[in-house]
Amino acid sequence: MQIIDADIVIVGAGGAGLRAAIAVAEADPSLNIALVSKVYPMRSHTCAAEGGAAGVVKANDTLDYHFNDTVSGGDWLTDQDAVELFVNEITKELIQMEHWGCPWSRESSGHVAVRPFGGMKIMRTWYAADKTGFHMLHTLFQTSLKYPSIKRFDEFYATDLMVDENVSAGCTAIEMRTGEMKLFRGKAVIICSGGAGRIFPFTTNGAIKTGDGMAMAYRAGVPLKDMEFVQYHPTGLPGSGILLTEGCRGEGGYLLNKDNYRYLQDYDLGPATPKPVLKSMELGPRDRLSQAFWQESKKGRTVQGKWGDVVWLDMRHLGEKLINERLPLVRDLSISYVAADPVTDLVPVRPVVHYMMGGIHTDINGATPVAGLYAAGECACVSINGANRLGSNSLGELLVFGARAARFAVEHAKSVKAPREALVTAQAADAEGRIKALFKRTGGKQRVAQLRREMNLTLEEGCGIYRDEKSLRESVAVIADVRARYRDVALEDKSSVYNTDLYQTLELGAMIECAEAVAHSALQRTESRGAHQRLDYVERDDKAFLKHSMAHYNPNGDPRIDYLDVTITKSQPAARVYGAAAGGQAA
Amino acid sequence: MSKRNIQLEVLRYRPEQDREPVFQTYTVPCEEEWVVLDALNYVKDEIDRTLSYRWSCHMFVCGSCGFKINGEPKLGCKAFLRDYGDKIRVEPLDNFPIERDLVVVIDDFVDKLQSVKPYIIPKEEKSVAAGEYIQTPAQLKTFKQYSMCINCLLCYSACPQYGLTNQEFIGPAALALAHRYNMDSRDVGRSAREHVLASHEGVWECSFVGACSIVCPKDVDPAGAIQQAKFTSAIDYLTSMVGIGGK
Chain A
0 MQIIDADIVI VGAGGAGLRA AIAVAEADPS LNIALVSKVY PMRSHTCAAE
50 GGAAGVVKAN DTLDYHFNDT VSGGDWLTDQ DAVELFVNEI TKELIQMEHW
100 GCPWSRESSG HVAVRPFGGM KIMRTWYAAD KTGFHMLHTL FQTSLKYPSI
150 KRFDEFYATD LMVDENVSAG CTAIEMRTGE MKLFRGKAVI ICSGGAGRIF
200 PFTTNGAIKT GDGMAMAYRA GVPLKDMEFV QYHPTGLPGS GILLTEGCRG
250 EGGYLLNKDN YRYLQDYDLG PATPKPVLKS MELGPRDRLS QAFWQESKKG
300 RTVQGKWGDV VWLDMRHLGE KLINERLPLV RDLSISYVAA DPVTDLVPVR
350 PVVHYMMGGI HTDINGATPV AGLYAAGECA CVSINGANRL GSNSLGELLV
400 FGARAARFAV EHAKSVKAPR EALVTAQAAD AEGRIKALFK RTGGKQRVAQ
450 LRREMNLTLE EGCGIYRDEK SLRESVAVIA DVRARYRDVA LEDKSSVYNT
500 DLYQTLELGA MIECAEAVAH SALQRTESRG AHQRLDYVER DDKAFLKHSM
550 AHYNPNGDPR IDYLDVTITK SQPAARVYGA AAGGQAA
Chain B
0 MSKRNIQLEV LRYRPEQDRE PVFQTYTVPC EEEWVVLDAL NYVKDEIDRT
50 LSYRWSCHMF VCGSCGFKIN GEPKLGCKAF LRDYGDKIRV EPLDNFPIER
100 DLVVVIDDFV DKLQSVKPYI IPKEEKSVAA GEYIQTPAQL KTFKQYSMCI
150 NCLLCYSACP QYGLTNQEFI GPAALALAHR YNMDSRDVGR SAREHVLASH
200 EGVWECSFVG ACSIVCPKDV DPAGAIQQAK FTSAIDYLTS MVGIGGK
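Going line by line, the protein sequences match chains A and B. Using numbering that gives the first Met the number 0, read the first sequence as starting at 0 and increasing by one per residue. Using numbering that gives the first Met the number 0, read the second sequence as starting at 0 and increasing by one per residue.
Chain B with its partners taken away, still in its complex shape:
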């Protein structure tokens, strides 16, 4: 099979030498079935050892290689060259500071993830000897989709609110994860998460543009999760007004 020469325009930023990010173009002889990540690896191995980016699994599951590719947030391993012309622009994800080249600083996201208490808060501690919780397939289905997030952060790059609020908005992935635990039949932690979810930076900040769900490579649908969470949050508020304890 023939190779195709791709002009790969990569945003470079080396804080020790670059005053600001600049594009560098590489000519890469590509196999037709390659993904953008393969082209970057070619550059790294054969052309320029100084280019830095994150990657690992090459199978859409580790979430390392999120980039902006021709302006859209994509996984480098899921962006097939067959879907692009001969010129491809690769940039770091939006809304995160650039650490170096395509590597962004994700501390803010990691903090937000922690803030939503993304773990089972059980009604009472259950011993292992007591065996598993019974959870029907229907109960599993209520949260399964929201447990599929690979933390690739494409949704944060796409989210206008995350950018507009100077990263104060908790954002799609973390809110979807909070909703995932709230919906889990084994969990009673909704009230413990409520102060974060219902806060100014929580679900009400979302303007339901839905960009997060469009770019999500795992069909998690964070926008749907946030809408559902708004509904339950409102119910919680109303029930608290009339003195009935929510979950």
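If we strip away everything but chain A, and leave its shape as in the complex, we get:
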């Protein structure tokens, strides 16, 4: 097996991975960086983020406001030291992005413009029309081309982490063009592989978001933290699940039920004013808005469509000029996919799985319990998002913690000696052996598409916007069954070159592991908090559950779940307040 030596191996080349790579290159140009990704960087799912990135920049705003919005938005499950660090750092990162050429939308004065976003008390969301993630990703990718120490390995599928006595030593990855396994030996590894939204059937997430990195860390003994917290974005297009940015509501769009009534006023989010008010109505947090949809549906006040219930997103009053200027992609997607022009028509929407608050357990420096192993971005749980992420905090998170994890990885890499060669080589041979065994397996009766469908459906039914013990036990059982049957999947394609049967099979394995962590963590959290709503335990229970869930992999059965205290510094848990009581200003 070919060995590729690097000082720092980064798995994933989306926003977090690219930011990390640049940070390493800037910290010490003599360090060799291997940037390993299963797709070309510009295909990474950061490109699909639309609305923006929050950072305190205007005179009417303070770091405390951003801190408080984020902590209460996360229903106090956030680690407050991490949030404080985040709000302190993010604006510098956004300015850095500006210097690197990110085409932020501007005020007439030439300063960056900000827009309102859900759950934010002050307008602080920097944006590049409705393609913010796209522009950030391309700015980072293009900027990364400046640094000769960043060596990219595009279309390499990482399979396993190499760990020597709880010290990270690299990873194996398959070169997709040849099918050859390579060993990337590195003194530090940073996982930046994104979320796992594809475990659900109806998601804004692209096909690549299969939780590979989360599962790789999980199998290597790193706990997955707070996996039960899955964000439903309130406005996805029915059928496709395509995201319509929160910016639609930030700019003043309404959500209407079948009676053309702004129903959010019935869920402690009102009053309904014609102009948007921060932290009210359509600018409430995503968990509350998606829950309100579910309640409306139960009351029979949603619209019955071909793909289930929908409500209407009404942007007609915003006018063609504003829509073209600030929401051009939304218009393009709505016309193309649901034949509704936001300028003249109501657009059907429904909640759609969008983001994993949970992920690889890290500390405030992006470090996992395995020395030299770091994680950042959606795959990680630092945790600044707690039980519910506020829109426009994730693009910021991947910058702040991508860069921060990189700086700590650099320190680590400089301080350690090379791992034991023989042991790492043996682990890599094992990893290769598992792939070879998969190729040799014959007569498998199980099909990837069928197992994936069963896993998808049980998560939607059992681990959706509202859950209860019965639904969760059903999900746990189905996932265990799917996991057992997965061992009987045989490849139909035995070729070496760009074998997507192989990668989809490996991705399914990763997804099953993530799904298992979601279902078990949700089953054992007998309270309701943020995006985790239990019909059988409707109250938040700070006494028992002001704690992070930690799911530990068990190769032979159910994961073990234990708990870690939340870090509270200056904000004691209180009621989350939105609507009139939140005192938000007009946006």
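Quick caveat, the hints were computed from the structure, so don't treat them as lab data. It is possible that part of the hints are untrue.
Not the full set, but computed from the structure, chain B residues with beta-carbon under 7 Å of chain A [stated by the list, open to error]:
(1) 51
(2) 54
(3) 55
(4) 58
(5) 61
(6) 110
(7) 113
(8) 118
(9) 125
(10) 134
(11) 139
Selected chain B positions facing chain A (Cβ under 8 Å, derived; list incomplete) [unchecked claim]:
(12) 3
(13) 49
(14) 127
Just so you know, even glycine gets a beta-carbon here, dropped at the ideal spot from N, CA and C.
Since the structure of chain A is provided, determine the placement of chain B on it from the hints.
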């Protein structure tokens, strides 16, 4: 709603077993609102696990699923079945070697992208503490359109010059991106890019057929960018002749 059976003719090429690319036809029961990519996904999931192609976002922004569909370069996620008859032919993009089935080798493009130095080259390094650059909406507008490229490579498939020059021409997307940075008020890198842009393989190679702008799914208008770049390149040349430094 009723399903429609589509005959999907897909160009297959598996280098380990096929001597040359061959068409394979699949009968796919399609929903009316599907795009071609959905039909390919149906084939992959239900009919033939061995078919390979790239895709991810399904919303015209990741640029993965560029194919030639009934002869035209298109994004698979933006090619709606409602616009096609019951027989649809899907092939890999032209002008790139086929790696496998609909997957093409894009190394050449990635190299060309790098060659135009697609990043801000500032007049002097500015610290983050010094804050943002002031850039008015009018200044932003001069390059914004050219920053929208998703690298889907439809334009390279459509570009006759890229094919005719055996891929020596730098091509629409990379040239448009160079122009994007040249036009950015924060950048002074035009002279650093000039040797590539004004080279034999640069903007002057473009014969202004405009096919790139026609197929572009994001209205980037690379042809317009190249024309503008030719103009500024000529001005640079003239000013250098009379001894006045350009940007």
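Hints and how they fare:
Hint on residue 51 of chain B holds. Least Cβ distance to chain A is approximately 5 Å, under the 7 Å limit. Annotation: interface hint on residue 54 of chain B holds; nearest CB of chain A at approximately 6 Å, less than 7 Å. Restraint check, residue 55 of chain B versus chain A: the minimum CB separation of about 4 Å is within 7 Å; hint holds. Taken as an interface hint, residue 58 of chain B checks out: its beta carbon lies about 5 Å from the nearest beta carbon of chain A, inside 7 Å.
The restraint placing residue 61 of chain B at the interface with chain A holds, with a minimum CB-CB distance near 5 Å, inside the 7 Å limit. Look at residue 110 of chain B: its Cβ only gets to about 11 Å from chain A, farther than 7 Å, so that hint breaks. With a cut of 7 Å, the hint placing residue 113 of chain B at the interface with chain A holds, because the nearest CB-to-CB distance is about 5 Å. Nearest Cβ of chain A to the Cβ of residue 118 of chain B: about 5 Å, under the 7 Å cut. The hint holds.
About 6 Å separates the beta-carbon of residue 125 of chain B from the nearest beta-carbon of chain A, less than 7 Å, and the hint is met. Proximity of residue 134 of chain B to chain A holds as hinted, the smallest CB-CB distance being about 5 Å (cut-off 7 Å). The closest approach between the C-beta of residue 139 of chain B and any C-beta of chain A is roughly 6 Å, which is under the 7 Å cut-off, so the hint is satisfied. For residue 3 of chain B, the suggested interface contact is broken, since its CB lies about 15 Å from the closest CB of chain A, more than 8 Å.
Annotation: interface hint on residue 49 of chain B holds; nearest CB of chain A at approximately 4 Å, less than 8 Å. For residue 127 of chain B, the interface hint holds, since its Cβ comes within 8 Å of a Cβ in chain A; the closest pair sits about 5 Å apart.
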